[in-house]
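S.K.: Read off the chains here:
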Amino acid sequence: GENVEQHPSTLSVQEGDSAVIKCTYSDSASNYFPWYKQELGKRPQLIIDIRSNVGEKKDQRIAVTLNKTAKHFSLHITETQPEDSAVYFCAASIVGEYGNKLVFGAGTILRVKS
Amino acid sequence: EPEVTQTPSHQVTQMGQEVILRCVPISNHLYFYWYRQILGQKVEFLVSFYNNEISEKSEIFDDQFSVERPDGSNFTLKIRSTKLEDSAMYFCASSSGTPYQPQHFGDGTRLSIL
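Listed in order, the protein sequences are those of chains A and B. Going letter by letter, the first sequence gives residues 101 to 214 in our numbering. Going letter by letter, the second sequence gives residues 18 to 131 in our numbering.
So here's chain A without its partners, still in its complex pose:
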């Protein structure tokens, strides 16, 4: 089955710096890759997603890149702010007729120091 590896497990950056989180997946059939942000004790919230037919997607300070050949995708946060501090999870999925389970990475704790 699908396996998703995520690195680093923790990341500390200075406010204003950029943060990059990387994930690799094992199943080449995966075609949908969302990123979720989870604050302590709260629900995972989607921050950005990308389909396999797209190499890059950007939404303000957040961008995601996908390399299908290498089976890895990355989250880029620019101009980090203290409120970006949270746990970030990548996920991979095969979108099908009957839904699509998300296989999550282990998460990255991002700390933005002011």
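A hint or two may mislead.
In the SDA-like style, the derived pairs of lysine to any residue whose C-alpha atoms are separated by at most 20 Å in a straight line are [what the hints assert, rightly or not]:
#1 B/Lys95 <-> B/Phe78
#2 B/Lys95 <-> B/Asp124
#3 B/Lys59 <-> A/Val120
#4 A/Lys142 <-> B/Thr24
#5 B/Lys59 <-> A/Val187
#6 A/Lys142 <-> B/Phe78
#7 A/Lys171 <-> A/Val120
#8 A/Lys142 <-> B/Lys74
#9 A/Lys171 <-> A/Val195
#10 B/Lys74 <-> A/Val187
FYI, nobody ran anything at the bench for these hints, they're computed from the structure.
Fit chain B to the known structure of chain A by using the hints.
M.R.: Leaving out everything else, chain B in the frame of chain A:
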């Protein structure tokens, strides 16, 4: 913005007892999911549900677990004969019938087995 709602927020149960976790997905969504997150670990897929039947389940989702959509709005997860290792946060999620649409998560139910 519509949300997935889950009740109760916290459930404490004696080992061996049965619990029912309740979810109200977003009203026009067609795909429903249960995930769990053991404290400090990643989110794990349990089961997906579409058209009134299970479409996929993980190895975790054994005979101890069952899901039901008893009416047009609720989606429940039943855990029979609970074990200590069932202690976790359980998240319900739903997505629309359109492919590649994101899954929206509820706030979760924290299940504590004593």
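S.K.: Does each hint hold? Answer for all of them.
M.R.: Here is how each hint holds up against the structure:
1. B/Lys95 <-> B/Phe78: holds, 11 Å
2. B/Lys95 <-> B/Asp124: holds, 18 Å
3. B/Lys59 <-> A/Val120: holds, 19 Å
4. A/Lys142 <-> B/Thr24: It holds: about 14 Å lies between the C-alpha atoms, which stays within 20 Å.
5. B/Lys59 <-> A/Val187: holds, 10 Å
6. A/Lys142 <-> B/Phe78: violated, 23 Å
7. A/Lys171 <-> A/Val120: OK: A/Lys171 and A/Val120 at ~17 Å, within 20 Å.
8. A/Lys142 <-> B/Lys74: Judged against 20 Å, a Cα distance of about 24 Å means the pair is violated.
9. A/Lys171 <-> A/Val195: Holds, at about 16 Å.
10. B/Lys74 <-> A/Val187: violated, 26 Å
Hint violations for this structure: numbers 6, 8, 10, all remaining hints satisfied.
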